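Q: Input sequences plus hints: build the corresponding full structure.
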Amino acid sequence: MHGIAPLPGYFLSQESARLRSDEGKIMNRNGIHHVTAIAGNARRNVEFYTRTLGLRLVKKTVNFDDPGTYHFYYGDEAGSPGTILTFFPWDHVAPGRLGIGEAQETTFRVPEGSIGYWTQRFVEKGVSHSAPVKRFGETVLAFKDPHGMRLSLVGVPGIENAPAWIGTDVPAEHAIRGFHSVNLLLAEAAPTGAILTDIFGFREIGREGSLVRFKAEGTEIGGIVDIHEAGGFLPARMGGGSVHHIAFRAADDAGQEEMVRKLVENHGIRTTEQKDRNYFRSVYFREPGHVLFEIATDIPGFAADEAPAKLGEALKLPDFLEKRRSQIEAVLPEIA
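Going left to right, the sequence shown walks through residues 9 to 344 as the numbering used here numbers them.
For the record, the hints were derived by calculation from the structure and aren't laboratory data. Note that the structure is a prediction, hence the values are computed from the model and not measured. The reader is advised that the hints may include incorrect statements.
Stated by the list, open to error - With a straight-line Cα cutoff of 30 Å, these simulated DSS-like cross-link-like pairs (lysine-lysine) come out:
no.: 1; residue 1: K331; residue 2: K283
no.: 2; residue 1: K68; residue 2: K270
no.: 3; residue 1: K152; residue 2: K68
no.: 4; residue 1: K283; residue 2: K270
no.: 5; residue 1: K133; residue 2: K152
no.: 6; residue 1: K68; residue 2: K133
no.: 7; residue 1: K331; residue 2: K318
no.: 8; residue 1: K283; residue 2: K133
Unchecked claim - The following label-pair restraints were derived from C-beta to C-beta distances:
no.: 9; residue 1: L329; residue 2: R51; range: 21 to 29 Å
no.: 10; residue 1: R52; residue 2: H275; range: 23 to 31 Å
no.: 11; residue 1: K133; residue 2: R269; range: 42 to 50 Å
Beta carbons are placed, not taken as given, at the ideal position from N, Cα and C, and that holds for glycine.
A: Shown next, in the form of structure tokens:
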């Protein structure tokens with residue numbers, strides 16, 4: 009796999025989750041598809057993301073390359089592109105080290121007036137967090153999950169009616185509404201910025217101190233990438249709390265193929281062969297700043313093997329692992 013770390017089963021969004029304009033044109037096809045990270049204990053991971061953050065466990069499957077390890081997907085009700093955070097939980101994993109060449113923060117959107125609610129919720133539940141700050145004119149509440157992953161919430165106006173998961177004790181008016189952005193810690197912004205603009209439809213929209221902000225045209229959910237230019241850091245070391253990779257959206261195989269062609273012709277970058285992840289199809293590459301990027305199709309979606317109302321309830325396995333189900337279930341830890 010050209011030096012890329014083993015990659016487990018990935019998720020796709022559903023056709024029904026596509027956002028369309030009044031004319032019926034498919035919208036919001038640029039931007040982040042999903043973010044995949046490394047966690048520690050599986051039960052603690054599920055409890056935090058479903059009970060504390062109020063996300064839906066959209067899919068419960070395994071690492072296709074290591075079937076004794078879960079692969080969890082969290083998101084909105086439908087598992088829409090731009091809402092999904094996914095984890096490989098490994099007990100006893102060593103903590104990651106923050107450094108150059110990684111995503112240093114993953115940010116969710118909440119309604120503009122909800123930051124106070126979440127600050128109080130984090131206090132009550134003992135979540136490690138910082139005081140809210142302003143960034144590009146927006147209020148940002150930074151916090152960490154139980155295994156050290158750096159996260160934040162941003163208050164965004166006008167998203168009160170955006171899709172969310174309303175199946176927990178988080179009031180509907182304060183629920184998370186998908187990704188806002190990812191923040192990459194890199195030595196320089198320009199080389200990675202060229203990939204974001206030429207391949208993924210982003211453009212630079214602002215600078216604030218050492219941060220450079222890129223936004224995907226016509227995209228609100230998962231439509232921002234911030235690059236923090238910083239020198240003097242050691243390279244990142246993957247471990248617990250680290251982001252493994254960031255996936256960007258392609259509508260379908262043809263869209264993905266066009267992105268792959270442009271990567272080769274315009275930037276001299278080759279991807280892996282396409283991987284069928286059951287819920288989407290993926291290719292992977294290292295961008296110039298050394299972050300692992302993925303291009304994931306929006307099809308076929310999370311409902312490919314599970315009814316929308318039942319998403320995340322049963323352990324789903326790819327066909328090639330189904331014959332080993334009893335063996336796999338025997339070694340997976342209890343999470344209920």
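Q: Are the hints correct? Go through all of them and say.
A: Against the structure, the hints:
no.: 1; hint: K331 - K283; in the structure: 21 Å, holds
no.: 2; hint: K68 - K270; in the structure: 34 Å, violated
no.: 3; hint: K152 - K68; in the structure: 23 Å, holds
no.: 4; hint: K283 - K270; in the structure: 19 Å, holds
no.: 5; hint: K133 - K152; in the structure: 12 Å, holds
no.: 6; hint: K68 - K133; in the structure: 25 Å, holds
no.: 7; hint: K331 - K318; in the structure: 23 Å, holds
no.: 8; hint: K283 - K133; in the structure: 39 Å, violated
no.: 9; hint: L329 - R51: 21 to 29 Å; in the structure: 22 Å, holds
no.: 10; hint: R52 - H275: 23 to 31 Å; in the structure: 40 Å, violated
no.: 11; hint: K133 - R269: 42 to 50 Å; in the structure: 47 Å, holds
In terms of the numbered hints stated before, the structure departs from hints 2, 8 and 10, listed from lowest to highest.
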